[in-house]
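Student: Model the full structure from these sequences, guided by the hints.
Just so you know, the protein sequences line up as chains A, Y and D, in that order. First residue of the first sequence? That's 119 in the working numbering, and the numbers climb one at a time after it. First residue of the second sequence? That's 3 in the working numbering, and the numbers climb one at a time after it. First residue of the third sequence? That's 11 in the working numbering, and the numbers climb one at a time after it.
Derived from the structure by calculation, the hints contain no laboratory data. Be aware that a few hints might be false.
[What the hints assert, rightly or not] Covered stretches of chain A, going by a simulated chain D footprint (3 or more residues, C-beta under 8 Å):
1. 207-213
2. 305-319
3. 331-340
[What the hints assert, rightly or not] Within a straight-line C-alpha distance of at most 30 Å, the following computed DSBU-like cross-link-like pairs (lysine-lysine) qualify:
4. LYS78/D to LYS285/A
5. LYS208/A to LYS121/Y
6. LYS167/A to LYS208/A
Here the structure is a predicted model, which means the values were calculated and not measured. Quick reminder that beta carbons are idealized off the backbone N, C-alpha and C, glycines included.
Spelled out, the chains give:
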Amino acid sequence: MEELEREYHKILSDYIKDQNERNLYIGQNFVRQLIRRNVAPEDVVSLHKEAVEEIFPEEIEGLRTAYDFLIEMMVHYGMALREHQSLIQKQAELQIEMNIAANVQKTMLQTTIPTSEQVEIGMVSTPLKTVNGDYVHFIEDDRYVGVAVTDVVGKGVPAALCMSMVKYGLETMRDSGHTPSRVLSVLNRIVEQNVDDSMFISMFYGCYVPRANKFYYGSAGHEPAFLYRAQEDKFYDLEANGILLGIIPTAEYIDNEVVLHKDDMVIVVTDGVTEFRQGDDIDERGVVASLINDVKHLAPQQICEYLYRELEELHEFNLRDDFTVVVIKKR
Amino acid sequence: MAKQTSVEIVTEWDIVAARQLGRNEAKALGFGTVDQARITTAISELARNIYLYARVGRIDIERLDEDGKQGILIVASDKGAGIEDVRKVLEDGYSTSGGLGAGLPGVKRLMDSMDIVSKSGEGTTITITKWLR
Amino acid sequence: MDMKVYFKEDDNVLRGYVEGEIDAYTAPQLRDGLEAVEVTEGLNIEVDLTNVSYIDSTGLGIFVAFYKRVQREGGNVRLTGLSERIKHLFKITGLSELMNIEGEKKVKLS
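Tutor: Printed below as a string of structure tokens:
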């Protein structure tokens with residue numbers, strides 16, 4: 119502290135003498151040093167007071183109490199400042215943990231887009247924050263190719279924790295993967311038993327069965343998928359009734375089916391794709407369908423990427439939810 | 003240990019009385035202006051916590067003299083609701099939530115040491131000290 | 011945007027009023043407001059959502075949790091004044107099958 123006092127005294131007297139930018143620049147560097155050494159605001163005022171006392175011994179009398187007053191005020195200021203600094207540091211630590219969590223999530227929940235002679239599949243799933251509240255998982259065996267698109271309520275970390283449960287639930291059901299109603303009701307029981315009342319998951323589960331040339335699907339409170347009929351050049355909603363996973367332990371789900379013809383597409387989305395939030399009068403699903411229509415001749419992966427780019431632009435690069443789209447195109 | 007003095011905290015103006023007592027003691031012990039300000043602010047925070055959340059309580063101030071080292075010891079005690087998780091109130095950011103124990107991390111930084119004993123439903127005793135350098 | 015929630019007791023019906031947008035930021039406020047409700051056996055609760063312009067999934071979760079608690083504790087809860095948009099949300103999620111909901115009162119324009 120004494121060394122600082124001497125230094126400050128010199129800087130201040132130099133400035134009083136010359137009043138030039140060079141003095142001020144030296145002062146600025148001195149402040150950097152104070153910050154580095156974690157000197158409290160009240161100590162800075164005290165430094166100043168003592169320097170003034172030495173430089174103007176005759177005039178200090180009346181000012182001393184004014185400086186003391188400022189020191190008192192600054193103690194409280196300093197308390198707030200230090201708490202703020204400590205919170206910033208804590209936040210940086212949390213950010214590091216979040217990034218690790220996101221990486222763990224990525225690795226743990228990795229899914230491979232299946233390749234099939236009958237259907238071609240593309241996917242984009244982009245989180246709003248570090249961790250994704252949407253989750254896509256593919257399962258397949260020699261009878262079917264299945265896809266689950268989920269949206270876990272509540273974003274961020276709690277949602278991510280929930281997802282690994284969904285993944286392992288799905289993995290244990292490879293044998294029933296061609297029956298959406300069974301997949302959904304089993305998952306519903308798992309979720310219901312393991313999460314609290316305000317947490318739930320919406321899921322669209324669909325599977326293509328080559329032998330029947332049919333796409334079977336079911337929904338647990340999820341946004342309807344789109345069906346594009348190439349021959350008619352028209353879009354339809356694949357509606358399916360069913361309650362969100364995790365609310366009623368005994369919930370039942372229904373199997374629905376459609377036959378797919380060449381170039382027909384099933385497009386599964388989460389509400390991050392179709393929800394525009396602003397404006398009641400916008401036909402959101404219509405906008406999405408017409409965007410897909412513009413590029414329907416492209417490969418599914420390109421269609422997904424196009425849709426993401428266009429909607430991102432439409433929302434002025436300020437999407438408000440996790441964004442997931444899966445396109446399944448009949449070859 | 004020698005002289006002990008105390009202030010009962012019942013009304014908001016008792017916070018001022020506690021400050022005054024702390025100031026006198028700190029000054030008499032020879033603390034400099036900045037440390038006087040820190041000690042008084044710490045007392046003020048503790049007294050205010052009592053006034054706002056426990057309604058009544060007291061501040062006791064003692065002068066310390068150990069192995070030739072001199073210092074000040076302040077005990078803030080109440081029979082209020084108590085602090086459920088002492089560790090939590092010592093975390094920064096807690097003060098923004100308001101409630102009992104707000105601002106304690108800041109008080110701790112102003113002093114050399116702080117000790118909290120609290121039992122849910124029975125009250126809280128916070129002891130802080132600062133040594134003369 | 012802000013969110014408000016308050017309750018009034020009236021003819022043995024506890025009427026709640028929620029106003030604003032319910033999203034991840036305002037949802038904790040809604041949760042606190044609803045958690046503060048003391049449910050007694052047979053209590054009828056009506057929550058008016060006429061002035062709610064938006065609900066996201068977090069908000070939905072809070073209503074589900076509230077619904078489950080009221081059921082458990084022997085009360086009844088009804089959500090009223092849902093806009094078309096919000097009604098649609100309850101329909102898609104299957105919650106309209108479970109919960110007692112009612113759309114906006116049609117007001118005739120003179």
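Student: Are the Cα atoms of LYS78/D and LYS285/A separated by 30 Å or less?
Tutor: Roughly 26 Å between the alpha carbons, so the hint for LYS78/D and LYS285/A holds.
Student: Within the assertion that chain D covers the stretch 331-340 of chain A, do at least three residues meet a Cβ-to-Cβ distance smaller than 8 Å?
Tutor: With 3 residues close enough to chain D, the hint holds.
Student: Under the criterion that the straight-line Cα-Cα distance not exceed 30 Å, is the pair LYS208/A, LYS121/Y satisfied?
Tutor: 28 Å, holds
Student: Check, residue by residue, whether the stretch 207-213 of chain A contains three or more positions whose beta-carbon lies closer than 8 Å to a beta-carbon of chain D, and give the verdict.
Tutor: violated (count 0)
Student: Counting residues of the stretch 305-319 of chain A with a beta carbon closer than 8 Å to any beta carbon of chain D, are there 3 or more?
Tutor: Satisfied; 5 residues make the cut.
Student: Between the alpha carbons of LYS167/A and LYS208/A, is the straight-line distance 30 Å or under?
Tutor: 34 Å, violated
Comparing the model with each numbered hint stated earlier shows that hints 1 and 6 do not hold.
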